[in-house]
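Chemist: Turn these sequences into a full structure, and let the hints steer you where they fit.
One line per chain: the protein sequences are A and G, in this order.
Following the numbering used here, the numbering of the first sequence begins with 1 at its first residue and continues without gaps.
Following the numbering used here, the numbering of the second sequence begins with 1001 at its first residue and continues without gaps.
Hint data in this document are derived by calculation from the structure and do not stem from the laboratory.
Ideal Cβ placement from N, Cα and C applies to all residues, glycine included.
Treat each hint with caution, since some may be false.
These stretches of chain G come out as covered by chain A in the derived footprint (C-beta under 8 Å, 3 or more residues) [claimed, not checked]:
| hint | segment |
| --- | --- |
| 1 | 1176-1183 |
| 2 | 1215-1226 |
| 3 | 1233-1243 |
Anything over 10 Å on all C-beta distances counts as not near chain A; from chain G, calculated [as the list claims (entries may be wrong)]:
| hint | residue |
| --- | --- |
| 4 | 1096 |
| 5 | 1099 |
| 6 | 1229 |
| 7 | 1247 |
This is what each chain is made of:
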Amino acid sequence: MATRIEVAHTTATTALAPQLTRADEIVRFIRTKPLGAAGAFIILAMMVVAALATVLAPYDAYHANYGLQFARPSTDHWLGTDEFGRDLLSRLIYGARIALFVGFTASFIGCTLGGLLGVISAYLGGKVDLLLERLMDILLAFPQLILALAIASILGPAVQNVVIAIAIPIIPRAARVVRATALSVKENVYVEAVSALGAPRWRIVLRHIVPNVVAPYIIMLTAQLGGAILAEAALSYLGLGAAEPTPSWGLMLSGSALSYAEKAPWLPLFPGIAISLGVFGFNLFGDSLRDALDPKLRKG
Amino acid sequence: MRTYVLKRVLLIVPTLLGAAALVFVIMRVIPGDVALLILGGDSGQIDQRQLTAMRHNLGLDQSLLVQFGTWLWGIVRLDFGNSLWTGQPVIQELLIRLPLSLQLALFATIVSVIIAIPLGMLAAVRQDTWVDYAVRVFSIGGLAMPGFWVGILCILGLVIFFGWGPPLEFTPPWVDPWANFQMMVWPVVTVGYRFSAVTTRMTRSTVLEVLREDYIRTAWAKGLRERAVVIRHALKNAMLPVITLIGTEFAFLIGGLVVTETVFTLNGIGRFVVDAVAHRDYPVVQALVFLIAFGFVVVNLLVDLTYAWFDPRIRYR
Chain A
1 MATRIEVAHT TATTALAPQL TRADEIVRFI RTKPLGAAGA FIILAMMVVA ALATVLAPYD
61 AYHANYGLQF ARPSTDHWLG TDEFGRDLLS RLIYGARIAL FVGFTASFIG CTLGGLLGVI
121 SAYLGGKVDL LLERLMDILL AFPQLILALA IASILGPAVQ NVVIAIAIPI IPRAARVVRA
181 TALSVKENVY VEAVSALGAP RWRIVLRHIV PNVVAPYIIM LTAQLGGAIL AEAALSYLGL
241 GAAEPTPSWG LMLSGSALSY AEKAPWLPLF PGIAISLGVF GFNLFGDSLR DALDPKLRKG
Chain G
1001 MRTYVLKRVL LIVPTLLGAA ALVFVIMRVI PGDVALLILG GDSGQIDQRQ LTAMRHNLGL
1061 DQSLLVQFGT WLWGIVRLDF GNSLWTGQPV IQELLIRLPL SLQLALFATI VSVIIAIPLG
1121 MLAAVRQDTW VDYAVRVFSI GGLAMPGFWV GILCILGLVI FFGWGPPLEF TPPWVDPWAN
1181 FQMMVWPVVT VGYRFSAVTT RMTRSTVLEV LREDYIRTAW AKGLRERAVV IRHALKNAML
1241 PVITLIGTEF AFLIGGLVVT ETVFTLNGIG RFVVDAVAHR DYPVVQALVF LIAFGFVVVN
1301 LLVDLTYAWF DPRIRYR
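Modeler: Put into structure tokens, the structure is as follows:
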């Protein structure tokens, strides 16, 4: 019985919308959201660079060469070298790995845990909801960077600790957004119908509520990605993120970069461009995705 | 309205208690023995008697619950203990640095509003044209550039082209406005530009939403000129969420202060946090993280109350 209702529901919705293949949808996205497509392109390029770092990087990102300190950008070293004579371009290429790794894992962990808590909170309601909401309120009382700073300072500088420090402040934010959607989904007649038909709770949550909160979850995830990459850069810049000699973009900007600025202005310049470009791509893409998925913001 | 205010004010009490508990757990329970850290835990050679005395001084020999109670009582009396680094009372150190951060935050907010509201409105009115794209690239770019990097670029430009060095001592504006201006202008612009990115986007999307309302169609139908429709009818109604955002982005501002003050070596609250973390100055970190959360919660409360005052529908929900 439950399945028949589902089938009727899906056929009704697909009959209304014109059939679009995946390729059509991509073409439409590029045409209607040129900025979003540009963002997607930047993200893809960054992923390719990160994946092929071993092939693309002209030098070893960790290899110090004291004969070549502060070499100007040249045909040998396109972006010059740093105070240890390491090739800046190679370090930036490897840095894409760190940025993407921290960005994706931190937002994924934060949004998924937060999303789960949000769904549980909305579906169970009552005391559980009240308790979880208060807990989220407490976490929300701390500005994101301050909480991340406090957690990172306790855990010590290491890449996996940075992921935890950035993920925790995301949890309450994702929980809040997903909970709000789940609450309204829960009020739908079809949820009432399946529960009247005696469907077990886990089935209602997994089959009927979770699929309907996927859109806000994905919006939240893409929206947090850029922020997570920025947070990693900021923590590393402040000396609480990845430790030397890890080629983290934020770390490359800390301390020495500015003190050698007059001698080697490329040191503070290029890592910043890399961070900005990466975050810019994620933000552009996230923005357009939100516009496309959130019907309220569509041009009426 | 009165019951609403009372309800909201009472609601922040458990939040603040929870925040205090969380800070206590993160800063005091997880790092292990603070006494060991103070006596130089890294060196390895520690006199046992000294350690016991230090634990007693810090109250670490008491139960966790008593310690938490003592800390809470300290918060109520604004006594956050002494800094491990300077030995001065935390609250005193804090008050020295507060004016600078407040000035930076206030001016940066003003700069951001001056940039954001006209730009956001323009982008909304000319949606999906090159003006809109330019404004969005400008604002998304502002969000994409790390605050500390914008600061670094600023300093880099000033140092290379003007041989400028950052002044070291903070001069309050009422003592010497010109010296104060010279010191604060670049940090203010740095934080303000990034902050404006957030506000511009918000202004754009709320104006867009309002432009679809019936009363805007009516205004057009009456034959009003574009300027009248946009400024008198749309912008006025779109401002409320923007004002709210300016309040709630306090968190964003604090994050901006932390990195910007570090870049410009300004001796404010943000840099105080970073230095305290670097020195493992737990009483200071603990106090600052809690006070920042306190400020954040209070600002949010004020924003909510203002909102409710403007929009009576909220009070009755």
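Chemist: Does each hint hold? Answer for all of them.
Modeler: How the hints compare with the structure:
no. : hint      : in the structure
1   : 1176-1183 : violated (count 0)
2   : 1215-1226 : violated (count 0)
3   : 1233-1243 : violated (count 0)
4   : 1096      : holds (20 Å)
5   : 1099      : holds (20 Å)
6   : 1229      : holds (16 Å)
7   : 1247      : holds (13 Å)
In this structure, the earlier hints numbered 1, 2, 3 are contradicted, and the remaining ones agree with it.
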